[in-house]
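Undergrad: Work out the full structure, taking the sequences as your base and the hints as a guide.
Listed below are the residues making up each chain.
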Amino acid sequence: MSPTKPPLVGASTPLPLPPPFSHSALRLLTQGAEALVFHTTLLDSRTPVALKYRPPKPYRHPLLDRRLTRQRLLAEARVLVKCRKEGVLVPDVVALGADEGWLGLGWVEGATVRRVLDKWVGKRGEEGEGELMGLMGRVGRAVGRMHEIGVCHGDLTTSNLMDSPADLRSLAGDIVLIDFGLATQSIQDEDRAVDLYVLERAFAATHPVAEPLFQEVLRTYGESYKGAKVVLRRLEDVRMRGRKRSMLG
Amino acid sequence: MATVETLYLPHYPDYPIYISFFKNVSNAPFLRQQLLEANTAFEYAFLDATMILSPRHLYAATFRALNDAVHTRLKSRNIHSELVFSLSPNNNIADAYRRFGIQDSTTSLLAVKIPLSNHDITAESVSKHLGGAVEGESVAFGEEALAGVTDLKALRKVYKLDSGNKGGGGKKGKKGAEVVVNGNGVGSGKDERAEMEGVILGIMALKGT
Ligand SMILES: Nc1ncnc2c1ncn2[C@@H]1O[C@H](COP(=O)(O)OP(=O)(O)O)[C@@H](O)[C@H]1O
Ligand SMILES: [Mg+2]
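Same order as they appear, the protein sequences are chains H and C. Residue numbering for the first sequence follows the UniProt record's numbering, starting at 1 and increasing by one per position. Residue numbering for the second sequence follows the UniProt record's numbering, starting at 1 and increasing by one per position.
In short, the hints are calculated from the structure, not lab data. Heads up, the beta-carbon is just placed ideally off N, CA and C, and yes, glycines get one too. Among the hints, a few may not be true.
As the list claims (entries may be wrong) - Stretch by stretch, here's where chain C covers chain H in the computed footprint (C-beta under 8 Å, at least three residues):
(1) 20-30
(2) 35-46
(3) 67-78
(4) 91-99
What the hints assert, rightly or not - One-sided excerpt, in silico: chain C residues whose CB lies under 10 Å from chain H:
(5) Thr6
(6) Tyr8
(7) Arg64
(8) Leu155
(9) Val158
TA: Next comes the structure, spelled out in structure tokens:
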């Protein structure tokens with residue numbers, strides 16, 4: 001990947017980082033609305049991590065800001081550890097600086113499903129469609145496993161799903177769920193259905209060509225745990241409401 | 001002279017950490033007594049190596065202790081007691097010592113020294129002191145050294161890795177020991193230790209929150 005410059009706050013002031021981190025030891029990956037994600041190492045030089053940093057929000061009172069950031073990070077870390085304990089594939093929580101606003105996550109090799117789909121759509125051919133169906137099937141099962149243990153993701157987009165193949169040239173990897181910043185511990189059909197709806201919309205928005213393949217996600221999801229069929233029925237209600245809402249503007 | 005590994009944790013290049021590993025230790029009661037008497041010549045974390053899963057397990061506790069020391073928020077007396085404390089899943093320091101610290105019966109020993117800003121302490125001085133103080137066989141610390149030493153069963157118990165699904169819904173048909181940490185983690189196919197490590201690091205990071 002190409003080297004990235006440190007993110008700036010002003011015209012030329014680099015964003016300050018909490019100790020012990022410095023820009024020279026980090027490589028910026030993404031800069032989202034809430035968090036910056038860097039690639040670096042933790043614990044030893046052979047342990048790559050994704051360092052997720054939520055910088056202070058200048059418009060919020062510092063005390064309140066610290067407390068909110070801390071709560072969000074802790075919620076994210078707790079859900080990750082719960083998933084990890086129960087065999088749902090997510091990154092390890094390697095270290096945590098709750099007061100400083102950062103979370104060190106075990107590095108997941110591979111690419112986001114979004115990138116995998118982008119590449120596929122770029123090539124367009126029939127070829128590889130079988131492989132892609134396989135990928136969709138694994139996505140459905142991964143989401144099902146997560147729901148089964150009582151976790152709803154809250155932001156299930158194709159950027160928050162990673163395809164982590166043992167062999168990086170194939171598509172046949174494990175699906176690793178990432179970005180639990182909005183996750184909740186819930187077994188409500190509604191929450192589960194909304195997860196699926198969000199994923200469906202994400203698909204339609206970014207990969208309309210691949211949209212038919214989404215049926216395969218729903219098919220494997222439906223078979224992945226006992227309550228899944230009920231959730232699929234609930235999904236139809238959620239879609240209906242979604243459509244009404246968009247008609248009302 | 002004892003074999004000493006000098007560890008520099010990423011992002012903390014100014015804080016060398018000295019690690020020594022001994023097998024067949026025969027004077028654990030003496031060493032433990034020095035800690036109880038707060039003998040200043042024995043400022044170490046003395047750990048029972050049967051309770052250390054992997055180098056990363058130890059490094060995670062060391063990182064937490066060092067990072068909390070730098071942020072001046074130690075929960076115990078000093079950085080060495082904090083290291084022992086960091087390994088524990090709960091907030092009871094006596095408990096941490098009982099489970100992870102040296103016991104009179106300890107035969108596999110990890111000695112960790114974090115000098116912070118005391119530059120008089122070097123790998124040589126640590127090697128010399130431990131070489132004289134510990135009666136046992138000095139071996140290089142690493143995965144291989146721990147391979148035959150770690151008590152996986154005791155670790156599973158301490159970190160409650162066998163407690164089954166306590167999560168919300170839909171857990172039917174998948175309860176019991178094997179579900180938790182079940183060879184199905186990131187990088188599936190990795191061995192039991194890697195699976196345990198992923199969960200244990202998380203438990204340690206969340207401790208006290
Ligand atoms: N553990 C990880 N391993 C590898 N890449 C990661 C990891 N976590 C995040 N990323 C990368 O960083 C991006 C943003 O991370 P994410 O947790 O989704 O933050 P945000 O809340 O900003 O979306 C992801 O889409 C992914 O490309
Ligand atoms: Mg994201």
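Undergrad: The structure should be examined with respect to each hint, and the outcome stated for every one.
TA: Here is what the structure says about each hint:
1. 20-30: holds (count 4)
2. 35-46: Coverage by chain C holds here, the residue count being 6 at a Cβ distance below 8 Å.
3. 67-78: With 3 residues in contact (Cβ-Cβ under 8 Å with chain C), the coverage given for the segment 67-78 of chain H holds.
4. 91-99: Result for this restraint: holds, n = 9.
5. Thr6: Where the cut-off is 10 Å and the nearest Cβ of chain H is about 12 Å from Thr6 of chain C, the hint is violated.
6. Tyr8: This hint holds: Tyr8 of chain C lies near chain H, its Cβ roughly 9 Å from the closest one there, short of 10 Å.
7. Arg64: Holds, because the Cβ-Cβ distance from Arg64 of chain C to chain H comes to roughly 7 Å (cut-off 10 Å).
8. Leu155: 14 Å, violated
9. Val158: This interface hint is violated because 15 Å lies over the 10 Å limit.
When each numbered hint is compared with the structure, violations occur for hints 5, 8, 9.
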